[in-house]
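Heads up: the sequence lines are chains H and X, in that order.
Under the working numbering, the very last position in the first sequence is 619; numbers go up by exactly one each time.
Under the working numbering, the very last position in the second sequence is 259; numbers go up by exactly one each time.
Hints should not be assumed to be uniformly reliable.
[Claimed, not checked] Computed footprint of chain H on chain X; a stretch qualifies when at least three of its residues, placed anywhere within it, have a C-beta under 8 Å from a C-beta of chain H: (1) 4-10; (2) 64-70; (3) 77-87; (4) 109-119.
Just so you know, the hints here were simulated from the structure itself, not pulled from any lab data.
We put the CB at the ideal spot given by N, CA and C, even for glycine.
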Amino acid sequence: MGFFIAQILTGLANASALFMVASGLSLIFGVTRIVNFAHGSFYMLGAYVGYSFMQVLPGAWGFWTSILLAGLVVGVIGIIVEMLVLRPVYKAPELFQLVATFGVILVIQDLALLVWGADDVLGPRAPGLKGIIRIMGEPVPKYDLALIALTPFVAFALWWLITKTRMGILVRAATQDREMVGALGVNQAWLFTGVFFLGCALAGLGGAVQLPKGGADLLMDFNILSAIFVVVVIGGMGSLPGAYVAAVLISVLNVFGVNYLPQSTLALMFVVMVVVLIFRPFGLFGREEVAGEHGQVGEPERPIKPAGQTARMIVLAGLGALAVLPLLGDSFTLVLLTDIAIFCLFAASLHFLLGLGGLVSFGHAAYFGGGAYAAALLVTYAGTPMELALILAPLAAGLTAIIFGWVCLRLTGVYFAMLTLAFAQLLWSLVFQWGDLTGGDDGLVDIWPSEWASGTTTFYYLAMVLCIGGIIMLRHTAHSPFGYALRAARDSQRQAEATGINTKHVQWVAFGFAGAMAGIAGGLFVFSKGSIFPNELEIARSFDALIVVFLGGVKTLAGGVVGGAALEGAKDYITRFEYWRLLLGLLIIFVVIVAPDGIAGTLRKWAESIGLMKREDQA
Amino acid sequence: MSAVLEVQGLSKAFGAIQALDDVSFDLQKGELLALIGPNGAGKSTCFNMLMGQLKMSSGTVKLNGKSLAGLKPRQIWRKGVGRTFQITGTYASMTVIENVQMALISHHRKIYSFLVRAHLMYRDAAMELLALVGMQDQSERHCAVLAYGDLKRLELAIALAHDPMLLLMDEPTAGMAPKERIALMELTAQIVERRGVSVLFTEHDMDVVFAHAHRVMVLNRGQLIANGSVEDIREDARVREVYLGGGTLFNHDGESANA
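In isolation and in its complexed conformation, chain H is listed as follows (with noise of 0.2 Å):
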């Protein structure tokens, strides 16, 4: 009974600093309309800072004066990011809000490293809260003590302000509609600002307040973002009793999982998450969005044509050069274009996702690391050869996005973004955590081609074959009446299930063959580098194809191949600097604020412009 009740309140000490991170996150969306992608980062600067200030604040006054402090820093670099990062994109498609906050994710992880170095950084011990009081025998530390009783204040303030406040009225009301409450005069900008700063200082708050339990280090960012989009899931966007009880539940749940199911305490949360989500699709405490609010806003999308004579001699001659380089390039530039060919056939996969059908997956490295990671159990466990693991990796890549389409598809627009990302941090999780089978953190290694692709250049070839065989593919199916289809359900999902298409399945069969496609690319990775780890299935590596479809262009059907080529090639000497992640984050928040057409539409429009294409017809 002790132990019952001391881990329960282990639980509850930890959902205190979730419960302020993920109301954060949930108050900034449900006014602005934006996931804060970025929420995490603020998060970890909250700890960091809030380190800084303790080292010079003594005693227990300076400790909470430097939470305070902390969570207030960290609300001002919310301001500035927003004035200078959100402000030019509110009016932008979703996907634009959620790529430059990501871009600010690299600019704060940078910049923390900068200022705090690589090391992880141990957090002081709560003055005055040191010890540990036993409750029916069991130990429970202090702090945790203090930190269940601080967690109602927080809620209790955060209430008091939302209800009892002007404030918290215009909140309220623009969370409803935000369009009526800038039509009644209120400045919403200001409004927008207002918000932003308060999630962000709670954010910071967590951070700062959960530092002598879990201290600071560069990967709390990443960390406890699947775990905050897990809690806003379940509990319901834009509210609050919804964050707490789900925070607890989440938390209470990791406690017992630790001690009971310790290879999944990772995945327990996803699990629960998906049962309250087959049963309550906006979560406990949410409301159904309103249709219409996130339709699609911008430029429409140009009608598709196939490839011109023009277009196929170039690709044609590129084809030629890929062919006959093995006669003239070193090793190092094939193995070079292998991983960009690679890389190409991944990126393309999502393109088709995101471009096509207007699904805007956040885990696609799921589904990459899925079939490198299913190549390399098949040979290490069953003595696969290369060829038929080659086989099955696609099929099991495309197996897992149709099983986590299912779930995810019950959702649109955000929900469903949030959503692609837990799935794909539950694999990695799952992967992460069962050591015995997959190696954990220590991957899996000594998985090479067959005998005869073993060399540098068969190897390329083969990889070229299905690559680019892959590509051909994608890019056929956007042509035909599938692909039609999903862009039908894209453009106007009404219209297209009046007239007999169920928009639903067409994008279910759209996630699934995606998935597959990611997964040849996955199988080829695994075999090209003789092994794998983890980190092919974090949130970085879907980020890299969610970036490199955005820089090629989301709106053009090459967007996918041209970013793709362009980034992996441009890394191998990007990542040379030591603060890469800084010139790649600015480098987006660029592109998203001043070329939202990517690299191949911008092309594109200045061809039209200077007249090397036709312009389409303006009525």
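Here the structure of chain H is known, so what remains is to put chain X in place on it, guided by the hints.
Just chain X, lined up with the frame of chain H:
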């Protein structure tokens, strides 16, 4: 003549509000039937239930004697019901002809084909439909740059793609210039005549209704208060009351003047 559509005791309640109360009517083959009524009378509710977008509280809807209860919009469409929306819903990223081709592809159940090129499929049939609504000259234009009236005509072509026996048009002329309104309804009347399709449409513009409808039904506060020929409706005292005053629309004592 046989009834294409039979509606019996159709009702819908949103909480305590009776949006549609025991409405019954039928629609004959080749008939152009108008459903009119002031704002909030229940026209859209009625339409959305017929098309499966909204679940009915009670009542039966039969198409050629077969019940449509519980079917989804896409299933109802497969049974031969076409629909146009008050606010057009076309595929903005496609050309005009591709919009029609998409509906034809769906009709021929070729959505899950991967090997053929969609823009080559059913081109002739699509051109014929476009010619029917007078859009053949604009077939290769990008849908996103069309004028609103042209979008409406395109939507009509899409709705006719599976050769429906019944066409439901929700305020087909809303948002159009007076000249375009007349043209569109003349077109619709021609199609009814040529193809033998039955049409049920809602409309606010009385000129359009009285000029083209074969029969008119009037809804007020969820109840059908009149159902008859254009001449009958013009003379109907209750309809006049609803449209020209008498205060029944705006009384605040909660009692319906028509109850």
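The hints, checked one at a time:
Against chain H, the region 4-10 of chain X contributes 0 residues with a C-beta closer than 8 Å to a partner C-beta. That does not satisfy the three-residue criterion, and the hint is violated. Coverage of the region 64-70 of chain X by chain H is violated [criterion: at least 3 residues with CB-CB distance below 8 Å; count 0]. Under the rule that three or more residues need a Cβ within less than 8 Å of chain H, the assignment of the region 77-87 of chain X holds, with 4 such residues. Restraint check on the region 109-119 of chain X versus chain H: 10 residues with Cβ-Cβ distances below 8 Å, three needed, restraint holds.
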